[in-house]
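Chemist: This is what each chain is made of:
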Amino acid sequence: MSLVEGRTLTGVAKPLSLDADVVIIGSGASGAVIAAELSEAGQKVVILEEGPHLLPQDLARMKPSETMRRGWRESGISFTVPVGDTPAINLMVGRCVGGSSVMTGGVCFRTPDHILHDWVKELGLSELSPEAMAPYFEEVERRCHIELVPEHMRSRSTVLYGQGATRLGYSLAPNHRNTKDCDGCSRCNFGCPHGAKWSVDLTYLPRALAAGAELFSDAMVERILLRGDQATGVAGRLLGADGKPGRRFEVQARRVVVACGGMHTPRLLQDAGIAERLTAVGEGMTLHPSMRVMARFDEPVYGWRGALQSAHSEAFVNERITLMSVFVPTGVLAATLPGIGSSHKRRAEMAPYLAVFGGMIHDDPGGRVLSRRSPLGLLMGRTEPVLTYEMSRRDRKAISRMLRILAETFFAAGAREVFLPILGGPPGFPEGGLSADDLARVDLDKIPSTRFECASQHPLGSARMGLSSDDAVVDQRGQVFGLRELFVVDASILPTSLGVNPQVTVMAMATRLAYQLRERPLPV
Amino acid sequence: MSSSKLVRTERAIAVFAETLFSTDSGLPPRDRVDGVVASASALLSATTVRSRLMFQICLFAMLWVAPLFIRRGPGLARLPLGQRVAALTAMEHTPTGAAMVLAIKAVLCMLWYEHPEAAQEVGADPACVPGVRRSLPVLSGGVS
Chain A
1 MSLVEGRTLT
11 GVAKPLSLDA
21 DVVIIGSGAS
31 GAVIAAELSE
41 AGQKVVILEE
51 GPHLLPQDLA
61 RMKPSETMRR
71 GWRESGISFT
81 VPVGDTPAIN
91 LMVGRCVGGS
101 SVMTGGVCFR
111 TPDHILHDWV
121 KELGLSELSP
131 EAMAPYFEEV
141 ERRCHIELVP
151 EHMRSRSTVL
161 YGQGATRLGY
171 SLAPNHRNTK
181 DCDGCSRCNF
191 GCPHGAKWSV
201 DLTYLPRALA
211 AGAELFSDAM
221 VERILLRGDQ
231 ATGVAGRLLG
241 ADGKPGRRFE
251 VQARRVVVAC
261 GGMHTPRLLQ
271 DAGIAERLTA
281 VGEGMTLHPS
291 MRVMARFDEP
301 VYGWRGALQS
311 AHSEAFVNER
321 ITLMSVFVPT
331 GVLAATLPGI
341 GSSHKRRAEM
351 APYLAVFGGM
361 IHDDPGGRVL
371 SRRSPLGLLM
381 GRTEPVLTYE
391 MSRRDRKAIS
401 RMLRILAETF
411 FAAGAREVFL
421 PILGGPPGFP
431 EGGLSADDLA
441 RVDLDKIPST
451 RFECASQHPL
461 GSARMGLSSD
471 DAVVDQRGQV
481 FGLRELFVVD
491 ASILPTSLGV
501 NPQVTVMAMA
511 TRLAYQLRER
521 PLPV
Chain B
1001 MSSSKLVRTE
1011 RAIAVFAETL
1021 FSTDSGLPPR
1031 DRVDGVVASA
1041 SALLSATTVR
1051 SRLMFQICLF
1061 AMLWVAPLFI
1071 RRGPGLARLP
1081 LGQRVAALTA
1091 MEHTPTGAAM
1101 VLAIKAVLCM
1111 LWYEHPEAAQ
1121 EVGADPACVP
1131 GVRRSLPVLS
1141 GGVS
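Line by line, the protein sequences give chains A and B. Just so we're aligned, residue 1 is where the first sequence starts under our numbering, counting upward by one. Just so we're aligned, residue 1001 is where the second sequence starts under our numbering, counting upward by one.
Just to be clear, a hint being listed does not mean it is correct.
[Said to hold, decoys possible] As a list, the in silico EDC-like pairs of lysine to aspartate or glutamate whose alpha-carbon atoms are at most 20 Å apart:
1) A/K446 with B/D1034
2) A/K244 with A/E5
3) A/K63 with B/D1024
[To be verified] Covered stretches of chain A (chain B as the covering partner; in silico rule of three or more C-beta atoms under 8 Å from a C-beta of chain B):
4) 69-75
5) 251-263
6) 328-336
7) 342-349
8) 420-428
Hints in this document: simulated from the structure, not taken from any laboratory. No residue lacks a Cβ here, since even glycine has one placed at the ideal position from N, Cα and C.
Can you build the whole structure from these sequences, using the hints too?
Modeler: Below is the structure:
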């Protein structure tokens, strides 16, 4: 068993040279699954993770901002470049051993059956039917201790929202999460300080290492090595304690598995020159744009007491909206309320009285990861990729609808005023707060999208799976079209957005691909 | 980031933080402002040049443009506190200004309310008591 912190190896000039049967780029939800399954099948596996290794006890000691700095990509302050009438979307993804699985709220959904049916019927992906995928979901659910959030763990914020929903004729359902003995301290997005969230650093990666895999943290892969049409390894740099690239490394491998997520997988493929043949690389990304509405009640809510994400509603799935309970740290609550100086303080003092509920859009593919060689990529994307996103008209309409549902539900629950995520406040309401009558007068469709505050934790589909290299990057086995021994297994292969949190889908897809890979003979 | 740029950025963050977190009784405690400035610098140092640049553009634009909203010459730091508050408030009421203000405010508020006293002052009492008590296997480091 071996976990090596790359930062401890940087003081040497000589490049680090390794060899393996399989090298896996990324240790998140998909890479960890592949690593465990292939190591246990007897293959020699090397896992390379760009981020640091953060133990639960480290996460417990850190303030949230320190976790953001050390465990989130770009400290959590990167944005998409909006194209047309589109909001700039704040992207938050993990960058540490275990990847985003360490930083999620732990919400677990199987891929909705209607999505899988669409993939089979409309895209011809016959191996992805609900029946065919069921054993992989079961395997992931067993390994990750997926359980229902009990009602007593719901925050008062979620309970109030649920009461409003009932009054309006719809209901909330409890979330499934990968937790055990959760205290409901609402800190999931900054890594569980109790080790109660069964992220892959606590489940699959220990299995992989126990079976002989080697995991290197602080190891940034810069390129995939190709010989003719065959992948033969990867090369990159180890990152020092200051985060700066230092000692070079090279891993020679008989098979290369790319699992670095929807933003960076296409970047690696583009840098390898693959995008010149496969035009779908980096195209058609979806993000599940998400927003939240805050509501002020007369009674104290203390919305941070309870599970961060305990319940959801699928009542509006036909309108491509999934509603999801959520809470945000006091500082973020305070920041999104208007006010400077003493007016800021007065608003911040409302924090205990605020309830929050959110939702996400099952979006159309409007995202694009720009190649380093494109003009904007050249200008802005030398280190981190540049993502552009153009929101479709129907997605924009869905946002107006979602915000209205959220706000009206809070009013049905007895809220005094609601705060919509609109920069500068809704037209005519610079102070932000809206009464029920005010809300009825605001035409959300007429507000420019650039004024919406919007976030995403789910970059998907930027190297999608399909039947042909004309419109896809990988086949149903995860193999990159036209290249031998190069596989992609992460969220970037999902053919469309899901409308639900993608962690279990990603892990089940990776399990399926891992089972196929372990049966597939390695090249000599 | 070069040291002179860092100093300028830190000064600008301090001006914004002093204004944002001021109260009816005046400027906020100096040590808390210093703490926020140090934490913000650390946060920015973990980002790429692109994100840092975006942050700095918003920050410096605010410092220079905000006074124009109350018909004062550029340079927020030169104004008395009351006028600084008025200038940023006016800027926050415009859609473009609000985007800039929020970009900075989000980072600084996150850091400010991590201070237990600041959180307590607005009634927040995060229930989380960190401590690892679970028995899942934990990865351990070391070269085999």
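Chemist: Does each hint hold? Answer for all of them.
Modeler: Structure-based check of all given hints:
1. Simply put, A/K446 and B/D1034 have alpha-carbon atoms about 42 Å apart, too far for the 20 Å limit, and the pair is violated.
2. For the proposed pair A/K244 and A/E5, the alpha carbon gap of about 14 Å is at most 20 Å, so the pair holds.
3. Using a Cα cut-off of 20 Å, the hinted pair A/K63 and B/D1024 is violated, with the two alpha carbons roughly 29 Å apart.
4. With a cut-off of 8 Å between beta carbons, the segment 69-75 of chain A has 4 residues touching chain B; three or more are needed, and the interface restraint holds.
5. By the rule of at least three residues with a Cβ nearer than 8 Å to a Cβ of chain B, the coverage given for the segment 251-263 of chain A is violated, with 0 such residues.
6. Given as covered by chain B, the segment 328-336 of chain A passes the check, having 7 residues with a CB less than 8 Å from a CB of that chain where 3 are the minimum.
7. Here's how the segment 342-349 of chain A fares: 6 of its residues keep a CB closer than 8 Å to some CB of chain B, so the rule of at least three is met and the hint holds.
8. Three residues within the 8 Å Cβ limit are the bar, and the segment 420-428 of chain A against chain B gives 3, so the coverage statement holds.
Taken one by one, the earlier hints fail for this structure at numbers 1, 3 and 5, listed in ascending order.
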